[in-house]
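Number of protein chains: 2
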Amino acid sequence: MCPFWQLDTGNFFTDNYYIMSSFDQIVELIADDLSAIEVKLTEHTASEYSFVDMAVQHVVEGGGKRLRPILVVLSAKVCGYEGNDAHTLAAVVELIHVASLVHDDVLDEAAIRRGRETLQTKWGNKVAVLVGDYLHARVLSMLVSRRADDPAMAILADTTQAMCEGEVIHAYKSGDFDISEAEYLKIISFKTGKLIAASCTLGAHLRNPTDTQQVEALTIYGQHIGTAFQIVDDVLDFTEDADKLGKNTFGDLREGKLTFPIIYARTVCDDDEKQMLEKVLNPNTDEAEAIAFVEALFQRYGVETHCLKVAQDYADRAKAALTDLPETPARVALEQLADYVVSRES
Amino acid sequence: MCPFWQLDTGNFFTDNYYIMSSFDQIVELIADDLSAIEVKLTEHTASEYSFVDMAVQHVVEGGGKRLRPILVVLSAKVCGYEGNDAHTLAAVVELIHVASLVHDDVLDEAAIRRGRETLQTKWGNKVAVLVGDYLHARVLSMLVSRRADDPAMAILADTTQAMCEGEVIHAYKSGDFDISEAEYLKIISFKTGKLIAASCTLGAHLRNPTDTQQVEALTIYGQHIGTAFQIVDDVLDFTEDADKLGKNTFGDLREGKLTFPIIYARTVCDDDEKQMLEKVLNPNTDEAEAIAFVEALFQRYGVETHCLKVAQDYADRAKAALTDLPETPARVALEQLADYVVSRES
Numbered sequence: 015m016c017p018f019w020q021l022d023t024g025n026f027f028t029d030n031y032y033i034m035s036s037f038d039q040i041v042e043l044i045a046d047d048l049s050a051i052e053v054k055l056t057e058h059t060a061s062e063y064s065f066v067d068m069a070v071q072h073v074v075e076g077g078g079k080r081l082r083p084i085l086v087v088l089s090a091k092v093c094g095y096e097g098n099d100a101h102t103l104a105a106v107v108e109l110i111h112v113a114s115l116v117h118d119d120v121l122d123e124a125a126i127r128r129g130r131e132t133l134q135t136k137w138g139n140k141v142a143v144l145v146g147d148y149l150h151a152r153v154l155s156m157l158v159s160r161r162a163d164d165p166a167m168a169i170l171a172d173t174t175q176a177m178c179e180g181e182v183i184h185a186y187k188s189g190d191f192d193i194s195e196a197e198y199l200k201i202i203s204f205k206t207g208k209l210i211a212a213s214c215t216l217g218a219h220l221r222n223p224t225d226t227q228q229v230e231a232l233t234i235y236g237q238h239i240g241t242a243f244q245i246v247d248d249v250l251d252f253t254e255d256a257d258k259l260g261k262n263t264f265g266d267l268r269e270g271k272l273t274f275p276i277i278y279a280r281t282v283c284d285d286d287e288k289q290m291l292e293k294v295l296n297p298n299t300d301e302a303e304a305i306a307f308v309e310a311l312f313q314r315y316g317v318e319t320h321c322l323k324v325a326q327d328y329a330d331r332a333k334a335a336l337t338d339l340p341e342t343p344a345r346v347a348l349e350q351l352a353d354y355v356v357s358r359e360s
Numbered sequence: 015m016c017p018f019w020q021l022d023t024g025n026f027f028t029d030n031y032y033i034m035s036s037f038d039q040i041v042e043l044i045a046d047d048l049s050a051i052e053v054k055l056t057e058h059t060a061s062e063y064s065f066v067d068m069a070v071q072h073v074v075e076g077g078g079k080r081l082r083p084i085l086v087v088l089s090a091k092v093c094g095y096e097g098n099d100a101h102t103l104a105a106v107v108e109l110i111h112v113a114s115l116v117h118d119d120v121l122d123e124a125a126i127r128r129g130r131e132t133l134q135t136k137w138g139n140k141v142a143v144l145v146g147d148y149l150h151a152r153v154l155s156m157l158v159s160r161r162a163d164d165p166a167m168a169i170l171a172d173t174t175q176a177m178c179e180g181e182v183i184h185a186y187k188s189g190d191f192d193i194s195e196a197e198y199l200k201i202i203s204f205k206t207g208k209l210i211a212a213s214c215t216l217g218a219h220l221r222n223p224t225d226t227q228q229v230e231a232l233t234i235y236g237q238h239i240g241t242a243f244q245i246v247d248d249v250l251d252f253t254e255d256a257d258k259l260g261k262n263t264f265g266d267l268r269e270g271k272l273t274f275p276i277i278y279a280r281t282v283c284d285d286d287e288k289q290m291l292e293k294v295l296n297p298n299t300d301e302a303e304a305i306a307f308v309e310a311l312f313q314r315y316g317v318e319t320h321c322l323k324v325a326q327d328y329a330d331r332a333k334a335a336l337t338d339l340p341e342t343p344a345r346v347a348l349e350q351l352a353d354y355v356v357s358r359e360s
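Protein chains in written order, with my numbering: chain A, 15 to 360; chain B, 15 to 360.
Mixed in with the good hints there might be a few duds.
Treat identical chains as interchangeable: a pair holds within one or across any two.
As the list claims (entries may be wrong) - With a straight-line Cα cutoff of 30 Å, these simulated DSBU-like cross-link-like pairs (lysine-lysine) come out:
{"#": "1", "residue 1": "Lys136", "residue 2": "Lys333"}
{"#": "2", "residue 1": "Lys136", "residue 2": "Lys271"}
{"#": "3", "residue 1": "Lys136", "residue 2": "Lys200"}
{"#": "4", "residue 1": "Lys136", "residue 2": "Lys323"}
{"#": "5", "residue 1": "Lys333", "residue 2": "Lys288"}
{"#": "6", "residue 1": "Lys293", "residue 2": "Lys136"}
By construction, these hints were calculated from the structure, which means they are not laboratory data.
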């Protein structure tokens, strides 16, 4: 990596660039793109039926970090693309993501998400399942108008299929206490990794679909930060306070969901602890008791530290994948984003 | 309509044609097409993950009448198209339909469908929501490979959006005892009518997309039989025994769902009965009491007869829309299908 003063800063240079160190600064770097994406999100999800519109806007405006749109934009920029099509694709991936969250919340019976009531809390399960379906229908509409040789449809068809497969297998395996770390990593690469990777692939494709080297580099980058992102998500469920997280802590544990920290803890603890761990994952176990046991166990074996180290390894691999890309501010932002995915607090 | 001996029987003429009078005979007329469609359905929903595959095949093979595939094939044939693309489009519309049933079953907490256990009975809500999503992802895959100027994607994007809007509005209005017949008909034209109409539109498009007269005639036909179909579905929920129906009778009533017979009964009964009707739709009312009251009320006001008459009016309008189409066996089959939709017992 060359020193910053030799960087080609492109046409999105900002004064803040030299001190860019946090997610907010990445957001500032591409603020105009993100505003344009918000407009597209609202435009393409509007319904002439006021109740549908209200329910859909509730989840679309629910916000979140817009990580996937950011990845589309930065991947496009690092490959030298500056056009508006990145905004459309960014909106498409975000809607696929929001639809999956809406259905996740139904499945998890979640009451709050990002500090707001979930759809099923406000209007019931039925509306929530249907709003997820509606968002998928709107994604299809957005894809209809694309060029015949556009790879986006094939990539996203493949991605949405893999996301569902990952989710179905995770749901099916939820009772299997003996799931291996490798199996779990495969599941999360499908559930979470695929769409994050697709965001990078789609962005990279915009400039020059035939430069397979750049497309592949960014796809690998996306896969790795996807895995890092999910591992950190799993950790935050145990460590973060509910206010910052915008949802209930210990949600995964309360549902008896096996996640990365639990799977790791199981491999390092002794037989008695392992038995107890299996017991506390049973929803019938007293919740306070379960949480106290898991917190003590995690402390004893440094589970949080270990998991964050694994996540950082993935983030480092993600950054390494960018080596041959032009040394632009977009690349720096992608590198910093990889670290942010691990260091974030919510 | 000319006498049968003057009919141009096309290349799918069978000996049974002259006595064709039932749904089974229509099925026999296009048996080869329907077999080819079953192959496509299995092929395009296969997953390399055995559990996903098992869950998906459970619902896809669950069968049903394949009404929508039949409509694609007959609409294509009546316009003179005999190629294989009808099979792909037929499989696509059927998968959209199956996906919507899977999600409906989750919403309705249905335990059986078409005489088989529903997905959520076998593997839980989570798997059911996800299998519905998976089917949508596969539909996207099937559409990816189509020609750029193919209208199917735009038609289906529009259709799936309308289906969701219809469902969301129906869910939202479910507590509104004063919903008008016109409002309800609008909702069912979205929920049910759109996909049935789209099946006809897509079939008609295959032969000659620029002959808007034929496309429009078949779309109108589809809209009307779609409405007839849903009204009859609503009636069967009250009148059919569970064995024939393949699901629980009085399911709609037990959920407090306002359907066509109830909406009609409300407009003809006296004030006391209206008050009682509103009360029995409340899920807290004793079920046996609710059913007895509704059965007596329907008897008193001839609700079943009235609703079937309305459905037959729609079927007649559907048939009238076909007037200018060539007088082929496919047209006769479409006419008979319109009557079958009303006379069917399950």
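Now for the hints, and whether the structure bears them out:
For the identical chains of this complex, Lys136 and Lys333 are neighbours neither inside a copy (41 Å) nor across copies (44 Å), given an alpha-carbon limit of 30 Å. Taking CA atoms no more than 30 Å apart as the test, Lys136 paired with Lys271 passes in both settings, with 25 Å inside one copy and 19 Å between copies. Taking CA atoms no more than 30 Å apart as the test, Lys136 paired with Lys200 passes between copies only; the shortest distance there is 25 Å, against 34 Å inside one copy. Taking the shortest alpha-carbon separations for Lys136 and Lys323, neither the intra-copy value of 39 Å nor the inter-copy value of 39 Å comes in at or below 30 Å.
Within a single copy, Lys333 and Lys288 get their C-alpha atoms no closer than 36 Å, and across copies no closer than 68 Å, so neither meets the 30 Å cut-off. In the homo-oligomer, the alpha carbons of Lys293 and Lys136 lie at most 30 Å apart only across protomers (24 Å), although the nearest pairing inside one protomer, at 33 Å, exceeds that limit.
The structure does not agree with the numbered hints 1, 4 and 5 stated previously, though it agrees with the rest.
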